[in-house]
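Peer 1: In case you want the letters, here they are:
4 protein chains.
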Amino acid sequence: MRAGIWLIGARGSVATTSVVGALALRAGLAEPVGCVTAHPDLDSAALPDFCDLYFGGHDVATVPLAKKAEQLAAAGVVPARLVQALGAELAEVDADLRPAPEAATQAATAEAIARDLMRFRTRHRLDRVVVVNVASTEAAAPPHPAHAGLDALSAALNGPGTVLPASSLYAYAAFTAGCGYVDFTPSTGARLPALAELAAHRGLPYAGHDGKTGETLLKSVLAPMFAMRNLAVRSWSGVNLLGGGDGATLVDPGANAAKSASKQRVLRETLGYAPAGDTRIDYVADIGDFKTAWDLVTFAGFLGTGMCLQFTWQGCDSALAAPLVLDLARITLAAHEAGHTGPLESLAFFFKDPMGDVDHALPAQWEALRGYLAGLGGGR
Amino acid sequence: MRAGIWLIGARGSVATTSVVGALALRAGLAEPVGCVTAHPDLDSAALPDFCDLYFGGHDVATVPLAKKAEQLAAAGVVPARLVQALGAELAEVDADLRPAPEAATQAATAEAIARDLMRFRTRHRLDRVVVVNVASTEAAAPPHPAHAGLDALSAALNGPGTVLPASSLYAYAAFTAGCGYVDFTPSTGARLPALAELAAHRGLPYAGHDGKTGETLLKSVLAPMFAMRNLAVRSWSGVNLLGGGDGATLVDPGANAAKSASKQRVLRETLGYAPAGDTRIDYVADIGDFKTAWDLVTFAGFLGTGMCLQFTWQGCDSALAAPLVLDLARITLAAHEAGHTGPLESLAFFFKDPMGDVDHALPAQWEALRGYLAGLGGGR
Amino acid sequence: MRAGIWLIGARGSVATTSVVGALALRAGLAEPVGCVTAHPDLDSAALPDFCDLYFGGHDVATVPLAKKAEQLAAAGVVPARLVQALGAELAEVDADLRPAPEAATQAATAEAIARDLMRFRTRHRLDRVVVVNVASTEAAAPPHPAHAGLDALSAALNGPGTVLPASSLYAYAAFTAGCGYVDFTPSTGARLPALAELAAHRGLPYAGHDGKTGETLLKSVLAPMFAMRNLAVRSWSGVNLLGGGDGATLVDPGANAAKSASKQRVLRETLGYAPAGDTRIDYVADIGDFKTAWDLVTFAGFLGTGMCLQFTWQGCDSALAAPLVLDLARITLAAHEAGHTGPLESLAFFFKDPMGDVDHALPAQWEALRGYLAGLGGGR
Amino acid sequence: MRAGIWLIGARGSVATTSVVGALALRAGLAEPVGCVTAHPDLDSAALPDFCDLYFGGHDVATVPLAKKAEQLAAAGVVPARLVQALGAELAEVDADLRPAPEAATQAATAEAIARDLMRFRTRHRLDRVVVVNVASTEAAAPPHPAHAGLDALSAALNGPGTVLPASSLYAYAAFTAGCGYVDFTPSTGARLPALAELAAHRGLPYAGHDGKTGETLLKSVLAPMFAMRNLAVRSWSGVNLLGGGDGATLVDPGANAAKSASKQRVLRETLGYAPAGDTRIDYVADIGDFKTAWDLVTFAGFLGTGMCLQFTWQGCDSALAAPLVLDLARITLAAHEAGHTGPLESLAFFFKDPMGDVDHALPAQWEALRGYLAGLGGGR
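Chains as they are written, first to last, in the working numbering: chain A, 1 to 380; chain B, 1 to 380; chain C, 1 to 380; chain D, 1 to 380.
A portion of the hints provided could be inaccurate.
Claimed, not checked - When the alpha-carbon atoms are kept at most 20 Å apart in a straight line, the in silico SDA-like pairs for lysine to any residue are as follows: (1) Lys67/A x Asp43/A; (2) Lys67/D x Gln84/A; (3) Lys67/B x Arg125/C; (4) Lys67/C x Ala80/B.
As the list claims (entries may be wrong) - DEER-style ranges, computed between Cβ atoms: (5) Gly342/C x Arg26/D: 50 to 58 Å; (6) Pro142/A x Val60/C: 42 to 50 Å; (7) Glu367/C x Arg202/D: 23 to 31 Å; (8) Pro40/D x Gln71/A: 47 to 55 Å; (9) Gly272/B x Pro143/A: 24 to 32 Å.
Derived from the structure by calculation, the hints contain no laboratory data.
If you're wondering where the values come from, they're calculated on a predicted model, not measured in any experiment.
For glycine and all other residues, C-beta sits at the position ideal for the given N, C-alpha and C.
Pulled out of the complex, with its shape left as it was, chain A reads as follows (with noise of 0.2 Å):
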């Protein structure tokens, strides 16, 4: 299968981190570390091989592909021997960047977005696309009546005024566009039932939301352990302290308060009851894309006995997305040419804020996700 990837917000951290990476395994210069895709029990024949993989995006941004690259190296978050190495590559990439559309209705934004997607895929004769949105998070977007349903939002797009939040708006024109699309954010994407019944009209598949990278990776597999052991977690607090764009977008309270609510559902999901405390998100701009998170947990042992445990994740967030964007990619272009279609619930492993009624504990998600390719057949 010749396969796109699209990227929304396609000169950032994570889409540029994603693309070196991709670019550095065709070239045989890399190994596939952190890509859950390449662990022995879950490779999959029906996956695009990474080496098939063609990547394209829109940003408002206008800093050169090459230029971004060279920011992270420098920052540690690739190596600079990749970087200079992978230069032809990266430009044929930046070829292949749009500028994001913007046109007189949210209708005729949405299908410039798609004729780009479109030419993309005619330009490369891919067989399939894939939208992945790697763009800053957005704030909860407010709700609108022609989220309802397709034809009042077909209605309404025509109309002036914002009726979809951005990552909706891509998500419609991936729809129309026949791609699958994934939200690696916690943006709205394609949460609205007129998106879905786009998605279920088109046969097309959709996953999210808001990457797994970090802390919540973290609590997805602590709190299970408190539970197995009967052990009563009382307080459960995190402060996340960040630099990169992300941080900078989270300043914004609401987008702050929509990256919390997402942090802490683990939590009474898992626990099956929600212990106090918070989780906050401060930015700081020496801290970079080196993300610190430190939490604390209360908990009450046998006869009430009082103990704590604390850890401190400092992890390069981009570095921890990437392998997972491709991952994601890779999936939803197999699941769309399995013919499956709307939200893949399987695929809760990757997120802090999965779609479905799904297990939060990691490892029954891992458990999931295995089933999940084994069923796509092919087992290398």
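Given chain A's structure and the hints, the job is docking chains B, C and D onto it.
Peer 2: The following block gives chains B, C and D in isolation, referenced to the frame of chain A:
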């Protein structure tokens, strides 16, 4: 079932906390927090009721149980109000504690031990008795040819000299008295061919080794997390600062080495490779029973980007161990009742160094345990 | 000198711990650990003896002092054996605690407060009395024109409405009753021109603000370390999780902001610049009096190389504050005796937000304190 | 003053970082962050200018300096852009690096070393040269009778066998060549009566031992904090994980013990008692030059209430050491110029194991340093 629990090291911190807790449960003064067998998914009517447990034991120490309980209350291990409320019950148990026998030959010592066990069973009209070793960790025992078979062993025990380490002599005595045996320590216990032969011959179950209460518990969920995410763990270094009785014992380099090895095994088994780094155990008297463990994990993500996780676990060892002692006793008693014999490999969930070729990831161990308890029947 | 300490918030955790401690010192049941004035380099015969301190106070709460002490013992703040041994002495102090007066005008309330102070002084034939505010933190008080001068203030207090926040009204009453005043909280206290005028007029000393018990204490030695090494601190972010009475108060955003600002001041003052990052305070009931603070400091070394320091402070706030309350009371009483009036700037060692244009580095504050005590004479 | 710095271990990480940094300062490509002598309160015209420093040195390794610098850039120790910009300058320094001499007797070796030093001085027309030992830590040296006096030493060096450890032989050679000497390592260096005699005879200054770059730096401000607050430190345990060249050396138990002892000394000296606990050093190759130290301090407050502080220091050892190497060289050169001879006790600020009976609290050491530099005159 009227069930007896005979504790080796009966006046130690873990044993005393177990007894205080069981008496508090019986009196309705506490909830079974930290008892895995009280988890709604695991509870089984085949298990003896918490209220039907009787306690006895051996110890070389002579401190009265109530006095030891007061010391634990002063140290914050158990609530002072429980110790005050349970004075009469603690005195009753104290009457069933015996000095550790020591005779001219190990055979005679084993006979004296077995005699104590049988008298305990008779005095309380118990259906089953299980022996649980919660004494201090022994230094690794030297090999002896008589360990290879039961006949050789029986003969050798009648001679002078030390054939079996204490933990194994207690297992021998337990089996001859018709009791199951659980080793909560890293000592040799029942792990000798001659003792396996004896247990098989007498139709008795046994379990071990080394209760998984803190740092290794965390490793058993965190290491699989790194594996599932296909991240490359470069180093995993840990230090354990502890000050209780076990800490003092572990200053002995032999005992320390035994414990440290058992602590790194989980990494090799769940990651599939052994990262750099060691686990150290240091005795710091002032820290008392509230062990503090710090671990640093360095790992590489996509394209080799280096990241790290560190955690600090501040747990009360006795309060973490005691409910597991009750769990293990209940399950081994039920296994005995059900006619199961030999090593109980389904109990790996509880141990740092489990018996058999078992999975070291906690969620898999939980499933094995759940399946085993379901098989015992009597779902509550 | 027979000396009296009148506590505002006398039934709170800090006050109760201070009283239990002073009674224990008098009874020879404890050592003055944590009392700075007991340091061999600081002790001075000019200070009233620990054994000559008498306690009284106001509170809106009515819980008996002995009951409050028992609660603190259960929470591990003070040893249960002391509370048991000091029952009679605690009851005696309880007899000197009065409900917080509340009259038709603030002038009348101040009179009632002053009357309580004078009766306390007479009853125990005290040479000097100092009023110490250990009540909960107030929200920042709105400005009022009458704060500017004593005459305007006296007039305004006779009218209806709230002219002074409670902490300042107590300072006003203390001064009118001829007592020194210490504010251990970040509240306004004596920091108003009108009150400075009154203290000067009556020849009385006062001190404040906001006892330096934990995170800020660390900042006051760590920030100078970075400065002395000429390292560039890029960011300093902190989170304080606390659950006692003060924690609940600080959920109020006004009080929280007052406290957070006072916490970052030391960085700006000792580094000479304000690094990025904030200090947050979160209320987590389960954590109780054992506050947990985590700070992350990122800094650049030679050639800009990025590094970091993080620390976790787990301290019992009341146990850290109580000895300082005794220190401050002893010193202010001695200052009063020595005829010193106005703000005691040499006591910056004790405060997050000290009075005057003083050095914020702890060692310099120590030297200032040592010099001041030496000047009081009577080196022991 | 045209000043020379001769580095023992000149191709190691610390030396290379020092050279890269000094060249970058000279070229105006970097700021002297981390250089204590660049602090506005300390700068003095008596110090040789950063731009007037010339470098040479000995090493057993043969890796080109530029290559070593590239390795450090890849590891994030120095910026790659500096290494690229300073290629020519690094090559020039490389021309002044000599293989470590080794002759038939230690006397002949010392002569060869001294000859290299004198040639370096002549070649660059230097006014003064200082020798700085930044080689790997030696195992503790066995005592030898000839250490007691200069005559005996001179005689013994002419015989076969090892009389002096390498660090001391270099000090001997430095003194005979008329150079000051700084030992940045815990090795023996100039700390022998015979060498003190030689330095006095030749009128030369020297300084040491063991640069205070990380964990001990923190101890030197935190331990005084506990002392000033009259809090009782119960235990202070630490672990250092490091992976650079020094780490590998410290796997040798002798070197490790030397370093650990030097690390705990500050506690005994500033607290007045030795708390329980040890400092461990573990080699973990993957950690590289970014040392991670974790310390746990348990302490008792008022009425014995137990509390704790823990910190994690993640610092780049070479980047922390290099500016101090420049500082020490500048000051020792100025001391030489000023005619000061013998151990420079005012430089305790820089060392874990300083010379003389000096204060171990950092602020007092800072004052001593400031006074010394002011005495050198020429306040800038």
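Peer 1: Tell me, in ascending order, the numbers of any earlier hints that this structure violates.
Peer 2: Going through the list in order, the structure violates hints 1, 3, 7, 8, 9 and respects the others.
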